[in-house]
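Asks: Number 440 marks the last residue of the sequence shown (my numbering); no jumps.
Among the hints, erroneous ones may be present.
Unchecked claim - When the alpha-carbon atoms are kept at most 25 Å apart in a straight line, the in silico SDA-like pairs for lysine to any residue are as follows: (1) Lys260 - Lys433; (2) Lys276 - Arg140; (3) Lys356 - Arg387; (4) Lys276 - Gly265; (5) Lys276 - Thr139; (6) Lys433 - Met295; (7) Lys273 - Glu349; (8) Lys260 - Asp307; (9) Lys260 - Asn350; (10) Lys399 - Lys433; (11) Lys276 - Ala255; (12) Lys399 - Glu384; (13) Lys260 - Gly377; (14) Lys260 - Asn237; (15) Lys273 - Leu185; (16) Lys276 - Ser252.
By construction, these hints were calculated from the structure, which means they are not laboratory data.
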Amino acid sequence: MGRAEIVSEQPAAFGISQIKRDWTLNIWEGLNFFAWLRLLIRNRFAVHWSFWYIACIVTVVSFLNTTLHYLQELFYGRRLRRTRIREDPLFIIGHWRTGTTFLHQLLALDDRHTYPNTYECFAPNHFLLTERFFTRWLSALLPKRRPMDNMPVGWERPQEDEFALCMLGLPSPYLTIAFPNHAPQCQEYFDLEGLSPEALYRWKKGFMGFLRRLTLKSPKRLVLKSPPHTCRVRVLVEMFPDARFVHIVRDPYVVFPSTMNMRKSLYEAHGLQRPTFSGLEEYVFGTFNHLYENVDAARKLIDPARFYEIRYEDLVRDPVGEMRGLYEHLRLGGFDEVEPRLKRYLAAIAGYETNRYQLSPRLRAEITRRLGWVIRKYGYEITG
């Protein structure tokens, strides 16, 4: 399959990380053919010559994905059309690198919950048909660790549903990863504001179709995690009036450099161009402010009993106590049954250490200037 660049991270003022090359799956190998063709046309086929072989592989695999999609529709289409989501989802929202993945994993420990796993998000076109078979022989091609933070990777682990929307052909800001030297793509799909009624309907239909596939496989409450959903609360509340939301925050002095490193890692690992990172710092500042402005507006749309806010630092310091508070506020119930599994999981990851970043005086001052209102709002300390 395609070769991606897996990052062995040794951050220093979030400079470009040391690159270790490895053979693994490229995320675009999950696209159906029509989504892949639209992506190429939108970017004028500007694949760097050193990645032409990846483009060829994606083209071949995209035909397979499309064929399997139609087979899945043949076998499961009628059942999918009858499938209903009986309980509105629980959405984890928050900026990238604030601990959304950690919180997702903790909530996934509850047997009453289901979630999109890595395979389902990267093969949404046919996972009902292929998951049991493909995950057996594709495991060797999956990287052992995530490139941005060295966290373990596995087909069964909770994953961002935004990747599934990309693979299904829905417009997404994540398409920027493929062509990082071009202007950021599909930015209007962050908050879905300003879309035509037809475009919004297509997005809702595609999103609901994916959730129905997940529900057909496991008819439980869905726990979904995707940072772009933080900007989409208005639409999500319209779709799911009884949905619950957990917003996780973290010190922006840590989140900003970590987000920069994440984007560089993804561009290096899954981009189809040699990334220059031109304009990246400004882009991260812009999306940072846009996301938190949307959170402020979202609070007014959600019943306070269905909205819970948590700080990453508090969650790490006392995960059991913070999770108990979350369960009680959102009235999820059953925490006493979940607590033993939670403690076993925490014991298993006790040795994990987060990345550390050294901020230059210039960058620290710029974070203070551009993001000071976020730092103050969530009770963090202004430094520098």
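Asks: Does each hint hold? Answer for all of them.
Replies: Hint by hint, here is what the structure shows:
1. Taking the CA atoms of Lys260 and Lys433, the gap is near 32 Å; set against the 25 Å cutoff, the hint is violated.
2. The hinted pair formed by Lys276 and Arg140 meets the criterion: a straight-line CA distance of about 11 Å does not exceed 25 Å.
3. For the hint linking Lys356 to Arg387, the alpha-carbon distance of about 20 Å falls within 25 Å, and the restraint holds.
4. For the hint pairing Lys276 with Gly265, the CA-to-CA distance comes to about 16 Å; that is within 25 Å, so the pair holds.
5. A threshold of 25 Å between alpha carbons decides the hint, and for Lys276 with Thr139 the separation of about 12 Å falls inside it, so the pair holds.
6. For the given pair, Lys433 sits about 29 Å from Met295 by alpha-carbon distance, which is inconsistent with the 25 Å threshold.
7. For the given pair, Lys273 sits about 36 Å from Glu349 by alpha-carbon distance, which is inconsistent with the 25 Å threshold.
8. For the suggested pair Lys260 and Asp307, the alpha carbons sit about 33 Å apart, so the restraint of at most 25 Å is broken.
9. Under the criterion of a C-alpha separation no larger than 25 Å, the hint pairing Lys260 with Asn350 is consistent with the structure, at around 19 Å.
10. Using a Cα cut-off of 25 Å, the hinted pair Lys399 and Lys433 is violated, with the two alpha carbons roughly 32 Å apart.
11. Of the supplied pair hints, the one linking Lys276 and Ala255 is violated, its CA atoms being roughly 29 Å apart against a limit of 25 Å.
12. Among the hinted pairs, Lys399 with Glu384 is consistent with the structure: their alpha-carbon atoms are about 18 Å apart, no more than 25 Å.
13. For a cut-off of 25 Å, the pair hint linking Lys260 to Gly377 is broken: about 36 Å separates their Cα positions.
14. For the proposed pair Lys260 and Asn237, the alpha carbon gap of about 29 Å is over 25 Å, so the pair is violated.
15. Distance hint between Lys273 and Leu185 is fulfilled; the C-alpha atoms sit about 11 Å from each other, no more than 25 Å.
16. Taking the CA atoms of Lys276 and Ser252, the gap is near 32 Å; set against the 25 Å cutoff, the hint is violated.
Checked against the numbered hints above, the structure violates hints 1, 6, 7, 8, 10, 11, 13, 14 and 16; every other hint is satisfied.
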